[in-house]
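Modelling step: build the complete structure from the supplied sequences, incorporating the hints.
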Amino acid sequence: MTTPNKTPPGADPKQLERTGTVREIGSQAVWSLSSCKPGFGVDQLRDDNLETYWQSDGSQPHLVNIQFRRKTTVKTLCIYADYKSDESYTPSKISVRVGNNFHNLQEIRQLELVEPSGWIHVPLTDNHKKPTRTFMIQIAVLANHQNGRDTHMRQIKIYTPVEESSIGKFPRCTTIDFMMYRSISPNNASRKFDLYLPSGKQLTNFEQIGMTSKATVEKRRLGHKPKPSNPLSKKLPQSEPDHVIRKQLLPLPVPDPRRAAVIHTDKTDT
1 MTTPNKTPPG ADPKQLERTG TVREIGSQAV WSLSSCKPGF GVDQLRDDNL ETYWQSDGSQ
61 PHLVNIQFRR KTTVKTLCIY ADYKSDESYT PSKISVRVGN NFHNLQEIRQ LELVEPSGWI
121 HVPLTDNHKK PTRTFMIQIA VLANHQNGRD THMRQIKIYT PVEESSIGKF PRCTTIDFMM
181 YRSISPNNAS RKFDLYLPSG KQLTNFEQIG MTSKATVEKR RLGHKPKPSN PLSKKLPQSE
241 PDHVIRKQLL PLPVPDPRRA AVIHTDKTDT
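full-length UniProt numbering applies: residue 1 is where the sequence shown begins, and numbers increase by one.
Possibly wrong hints are sitting among the right ones.
[Stated by the list, open to error] Okay, derived cross-link-like pairs now, BS3-like style, lysine-lysine, Cα gap no bigger than 27 Å in a straight line:
(1) 6 / 71
(2) 37 / 71
(3) 14 / 93
(4) 130 / 84
(5) 129 / 93
(6) 129 / 84
(7) 130 / 14
(8) 75 / 130
(9) 71 / 129
Just so you know, these hints were derived from the structure itself, not from any lab.
Below, the structure written as structure tokens:
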């Protein structure tokens, strides 16, 4: 009798986020469980800590319900399981269902797991590899290893594809410093500003991504300094996006000392 191969672990979902092609949307949903032991519920399932877990407390199937307020495009579901730590609590058979509500859920994936230890990637796509649009996702644990009754799940993450910007395709922001500046508003794409990265590095007169030409980038690399503009004509808009930090770097005009003395003398005489 042959022994089934163990389920190979998938890549860390954070690597998917760094590519800039997907983003995690679990925080936009309402989560509920069929049952849980006190202190082992949704908070532990979503705390980004692989040492904590959800533990069910009831009869099978054990359910995780994820409901969105509007119809949402979902591409990948990531589940973390650890057979070495959880043994008989580890799921061996999982069903993934989608639908508008509890009454019309349809199964789109069923997984057979063999002693998984790591991330399990579940594609939520159709036969043409097109992402699913849904109001609700339900994860059902149908069986555990060694016929275990209750189950453990350590983390669940949901990813949606990132749409291309309407003003063109730009290089992906994959470094840690640039990740928080990758959302660009097309309305502000032609404006220049001074960008301060979290590391403290300053990019002077930086243009928003998509409008910077290769020649401009090369000039900056060689130390070319752009001509300063008139500070009086440099007006900032009323509201700026949260991801942009603007600062006026032009110094204030210094008054002529002689004129300052004359003004002082005039005030004294009066």
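Quick rundown of the hints versus the structure:
1. 6 / 71: Between residue 6 and residue 71 the Cα gap is close to 35 Å, so the pair fails against 27 Å, i.e. violated.
2. 37 / 71: Not satisfied, since the Cα-Cα distance of roughly 31 Å exceeds 27 Å.
3. 14 / 93: holds, 25 Å
4. 130 / 84: Distance of about 35 Å is beyond 27 Å: violated.
5. 129 / 93: Given that 27 Å is the threshold and the Cα spacing comes to 23 Å, the pair holds.
6. 129 / 84: violated, 33 Å
7. 130 / 14: holds, 22 Å
8. 75 / 130: Status holds; Cα separation ~8 Å.
9. 71 / 129: holds, 19 Å
Against the hints set out earlier in the document, violations occur for numbers 1, 2, 4, 6.
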